[in-house]
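Asker: Based on the provided sequences and hints, a complete structural model is requested.
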Amino acid sequence: MNDLAPDRKYTNAAIPVGGVDPHPDKPSGEFITDVVSNDWVNDEYKLLVVRAAERALTAYAGQFYHLLCPSPDGAEVWMRRPMSIYKVDKAATCLEFLYKCEGRGTQGMATLAAGDKFNVAGPLGVGFSLDPAWKNIVVLGRGVGLATLAPLSQLAAENGVGVTAILSARKSNLVMSEDLFDELGATSITVVDEDGSSAVENVEKILEKLIADGKADAFFTCGSSRLLKLMQNLGKKYDVPGQVAMEQIMVCGIGACYVCMRTFEVNGEKTLKRVCREGPVFNMQEAVGW
Amino acid sequence: MNDLAPDRKYTNAAIPVGGVDPHPDKPSGEFITDVVSNDWVNDEYKLLVVRAAERALTAYAGQFYHLLCPSPDGAEVWMRRPMSIYKVDKAATCLEFLYKCEGRGTQGMATLAAGDKFNVAGPLGVGFSLDPAWKNIVVLGRGVGLATLAPLSQLAAENGVGVTAILSARKSNLVMSEDLFDELGATSITVVDEDGSSAVENVEKILEKLIADGKADAFFTCGSSRLLKLMQNLGKKYDVPGQVAMEQIMVCGIGACYVCMRTFEVNGEKTLKRVCREGPVFNMQEAVGW
Amino acid sequence: MVDLSVKIGDLTFQNPIQPASGAFSWEYNDVIDLNRLGALVAKTICREPRLGNPTPRMAETEAGIIQSIGLPGKGIDYFLENIVPEYAKFEPPLVVSVSSESAEDFAELARELSVPDVDVIECNISCPTRNTTGGNFAMQEDHTKMVMEGIRAATDKPVWAKLSPNAGDLVAVALAAEEAGADALVIANTFLSLKIRTDNFRPALGNKFGGMVSPALKPIVLRMVYQVAKEVNIPVIGVGGVTKAEDVVEYMLAGAHAVGIGYAGFRNPSALTTIIDDLETWCDERGIEKVTDLIGAVKDDDMEMDPLVAASHGV
Amino acid sequence: MVDLSVKIGDLTFQNPIQPASGAFSWEYNDVIDLNRLGALVAKTICREPRLGNPTPRMAETEAGIIQSIGLPGKGIDYFLENIVPEYAKFEPPLVVSVSSESAEDFAELARELSVPDVDVIECNISCPTRNTTGGNFAMQEDHTKMVMEGIRAATDKPVWAKLSPNAGDLVAVALAAEEAGADALVIANTFLSLKIRTDNFRPALGNKFGGMVSPALKPIVLRMVYQVAKEVNIPVIGVGGVTKAEDVVEYMLAGAHAVGIGYAGFRNPSALTTIIDDLETWCDERGIEKVTDLIGAVKDDDMEMDPLVAASHGV
Ligand SMILES: Cc1cc2nc3c(=O)[nH]c(=O)nc-3n(C[C@H](O)[C@H](O)[C@H](O)COP(=O)(O)OP(=O)(O)OC[C@H]3O[C@@H](n4cnc5c(N)ncnc54)[C@H](O)[C@@H]3O)c2cc1C
Ligand SMILES: Cc1cc2nc3c(=O)[nH]c(=O)nc-3n(C[C@H](O)[C@H](O)[C@H](O)COP(=O)(O)OP(=O)(O)OC[C@H]3O[C@@H](n4cnc5c(N)ncnc54)[C@H](O)[C@@H]3O)c2cc1C
Ligand SMILES: Cc1cc2nc3c(=O)[nH]c(=O)nc-3n(C[C@H](O)[C@H](O)[C@H](O)COP(=O)(O)O)c2cc1C
Ligand SMILES: Cc1cc2nc3c(=O)[nH]c(=O)nc-3n(C[C@H](O)[C@H](O)[C@H](O)COP(=O)(O)O)c2cc1C
Ligand code: FES
Ligand code: FES
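Chains as they are written, first to last, in numbering that gives the first Met the number 0: chain A, 0 to 289; chain B, 0 to 289; chain C, 0 to 314; chain D, 0 to 314.
One or more of the hints may lead you astray.
[Said to hold, decoys possible] Derived list of chain C stretches under chain D, where covered just means 3 residues or more per stretch with a C-beta under 8 Å from a C-beta of chain D: (1) 58-67; (2) 162-176; (3) 185-194; (4) 216-229; (5) 246-252; (6) 289-299.
Keep in mind that the hints were calculated from the coordinates and are not lab data. Glycine is no exception: its CB is placed at the ideal position from the N, C-alpha and C atoms.
Answerer: Structure below.
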């Protein structure tokens, strides 16, 4: 005679690690992952490693997962949070997310501990693509934008493409992924606000040098409107193609709700696109900043 | 620039263990207690022991606390749950609650572990009272009703009043508090459904015997409509006064909302009373069952 | 330190935090210091003693509760004799909520309640489980006007009209109440709701329908307060889902002079006084000198738009 | 095993679970098997390409979200040419939601949408951020009647009217839609709401007002479905806060023939198909042979009353 208990049940058929996959051929799914670790990388960022079912490991650079964050405070978090895939470790059957602890969602994520379950939907969206003609690319990222660019560098390394990574941050102790980029054989250049090296003019000089040296067949960026503008200008000036990963608040993450739209300029005409479906990675010259 | 974080904050000034008490003279308060233990007593009941600020320890038999249960399932439990005080251990500065795991609230309580915080409001309501003229009383409880009657027996013991406790349950392994009653020097009689000993006719015989033996200066009951009716009838027939602890769904627990009303018959006239304020303990003859 | 006092009509309240009717009684003095509240608000009373609705009177829902109490009470005579003196022991102004099924009786009740210890008469013309012709006058502007005019004529006390969130055109109802002479508007009462138990196919409440109460509903009530405050020239008191100081600020930004609090005080008996403390801190931290500076201070006249979308909206 | 199929007008749906308009698109096929759904429901389309409202279009609230998307889309021509064929690849009937600011255009759109691959035309006459004379016809019964009559005359397809929870007298609006020839009623759209940020004093949404969506609101919408289903003779589809099979049962007990689901599919992309599975199990465990046996099966004709209270209510 207890009707109150089901009052708050949510229903899903998320696929657990080792569970039967009802739709092995579908590109995306809802998965229940097992938290392996969730450690601080620096004062503001954490790295979450989760073990996931096989199909969840098909994510590639620039795609994202939509995460059902636990609550930081005993009340519900009502919407999922989009997060770029930072690393897919096929051998360990693990996904990694690098995230900045901001509001309730990411603060809730920060509470996850080894052994916890974590519901993730994905992989979603259109990620980065590499033109076989490109021999050397430049990735320029600021803050947590590096989380999105890291797997691109891996992709490039795997395809024998040389990478120069310019890592921008407020303070040197907030520069992440330097090791990761190094590991992948990328040349990394760190610029920080502390010593003024991250100033647009300085980054511009670095980029022009790379172009001159034939190290910039394509540009990639994420995480800063200012740096996007810089790359757009240089890209136009020197005819360097580019891609940018955009962010927007999302609801469905799948393309249904039209919450995540941003303005783009395609062939001189302004239009709106869904960051979750047509993106999050877009032609750099079409983006209108954010 | 983060306005979302405070979205779900609740505000209170509950008094923690060792905290400053802004209202030492008020009869009730909102307290944050520290969970000491929370163990299974049998298949269905758990005993929660919490350490509380000094003023929280003034509870006496029949009074209750209004408990802010944690969530069993990641979503909120919206209302407090009333729970009788099972034991006040002044030496250890602890409160104890004996509860049956039923719906979301008590299932949430069941998740509490040593070291957790638990918000309780109280003590509330009017508890049992003992007439100095009474030398021997009979308490008759079924199921978790015994949780409410246990501290009464302690009160009686402290006042040199003899107690016969009739403990009724479905199965013998669900009879709780037998030890507690024994400890307090009460004579306890266990009746169960399994062997038919809990049948009303049998309990009636036991009660009539106690009356005949002069062991029943007053009746006390809690937890069963059927047993209340029995005691009311015998009480009327043999002129034995009595008290009953009633239950009702509550919102405020303080007397403001009028959610917890029950029908009573006072001097032949029917009237409604608030279980939380005029009760939960009432003159047995005035109760109209539940 | 911030001045938290607000004026509603000629009355000054030491702060904008009031309990909501039906969610408070002098018995809360067992837990908190009632003298700190902006006002004391008694539970709605009726002429005759009423038993109220069948039990259960409350059921939990997915995110909140529904309740149908049915205005139980011992009637106005008992109230004046026994309850008003209990409230009179405390300092904040006493707001007395009253309800009736007829306009004449409503006016007569207002007259009888016009005793020295009563400071404000709050007209509960919006009890959601009463019907539009029998007590829930606030569903329609003409009913609202009629009943409020009668009350206005019957008393010199400030009269506040408590409106219904179930009305379709709340602004019209609000304007009708203002025109009839209401000194302030209390927005809003509870949302008419239903819960059916799937275990026994029965309504969860004895009275079938109930009024929903939940912090979840704040954005809906806030919208109503905003819309009404823009149109009327009398103060609005926002009631619905306030659980923290930021919610008080949000209601005031939307145009409210004060807020009423129900649910939060059920959840945390010490909530109301804590919210007063937190509001003070919130204002002090931001250098706000008078809490009244927040009233209607929402910045909505220069909405930032995506340039492309703005163009498509003709901006 | 239970027969989950339901008929709405002449159309049979394999089960009573449908996505809600705006919360679904054929792209969900990336995650779930669309052929299992009761129906496919496309996002509301308008005649012209629309950019929709300024961002942000969504904000989280205490218990749910508010959103104001503004019906963006590429217009009816693109829709007929490119989107309808995507839906046609799947088996369930296709419900196409449509909105307009004028009755004439609404009728004309309905005519143009009457192509073979479209099975139902859902008339979104209740977009909460449009005004009563410009698209939110469902606030008033006369507007509803007028717009629905035009649409009825323009098409032979089944037409469903999506109603507004913000209307004061929903039963009157429902009766008007029925009289105008609607084949079914979809109850309800979202609750007009506002959130103001206390950090910058600005509305949280680019469009200021938004529609609230939350499981918290289910008891309010359920009450509306119950009240309307008692009065009309056409099927009602309940939309609001369904997150589990028990919610489907609750809506059906209240009188709904089917339910629409939005939020739950956002939270858990696999929710809809799981709710279908769970509903089947729920019925089988209780020996319910046809899910249609649940429709209107609430036991509300013999409410148990506390005897004393019953007496006071004249029962
Ligand atoms: C495709 C995509 C990939 C992303 N990848 C990463 C990543 O790898 N690591 C990482 O740390 N962050 C990433 N983000 C941003 C991340 O989604 C937000 O930081 C997160 O949702 C904030 O949630 P919260 O509850 O902590 O903060 P909230 O309290 O919800 O918001 C805090 C602040 O973040 C802004 N914000 C909220 N949601 C988003 C959003 N979806 N996009 C951008 N800003 C938002 C709010 O406007 C507010 O200013 C990504 C966003 C997108 C769209
Ligand atoms: C003064 C008082 C003292 C109590 N003391 C104890 C005690 O010491 N130990 C104990 O186990 N229980 C006690 N109860 C009962 C306890 O309050 C309920 O079991 C509890 O609230 C159920 O919460 P839940 O969320 O687990 O169940 P829910 O899912 O809320 O409900 C489960 C069932 O319990 C019923 N119920 C819910 N609330 C109450 C209530 N307030 N009173 C009675 N029935 C209710 C419901 O109708 C339902 O049938 C007491 C109740 C009162 C009023
Ligand atoms: C148990 C309960 C009883 C109520 N009784 C009354 C009442 O007697 N008169 C009245 O005008 N409102 C009554 N209300 C409504 C509240 O005054 C208030 O409008 C509502 O609870 C919304 O505010 P909140 O979200 O802060 O709770 C009652 C609400 C509850 C929960
Ligand atoms: C992001 C979003 C977009 C919506 N778009 C539409 C729409 O285009 N047309 C419409 O009729 N309803 C729309 N709605 C309302 C839903 O169809 C539905 O009525 C509402 O979400 C309530 O159902 P739920 O509680 O299951 O989410 C939208 C809702 C959301 C959350
Ligand atoms: S988040 Fe729904 S369309 Fe992108
Ligand atoms: S629970 Fe509020 S009066 Fe008893």
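Asker: Next step is simple, just say for each hint if it's right about the structure.
Answerer: Hint by hint, here is what the structure shows:
For the region 58-67 of chain C, the stated coverage by chain D holds: 5 residues have a C-beta nearer than 8 Å to a C-beta of that chain, and at least 3 were required. Requiring three or more residues with a Cβ within less than 8 Å of a Cβ of chain D, the coverage given for the region 162-176 of chain C holds, as 4 such residues are present. Using a Cβ-Cβ cut-off of 8 Å, 5 residues of the region 185-194 of chain C lie near chain D, which meets the minimum of three, so the contact claim holds. Residues of the region 216-229 of chain C with a Cβ under 8 Å from some Cβ of chain D number 7, which satisfies the need for three, so the listed coverage holds.
Requiring three or more residues with a Cβ within less than 8 Å of a Cβ of chain D, the coverage given for the region 246-252 of chain C holds, as 3 such residues are present. Given a C-beta distance limit of less than 8 Å, the hint that chain D covers the region 289-299 of chain C holds, as 4 residues qualify and 3 suffice.
Checked against the numbered hints above, the structure violates none of them.
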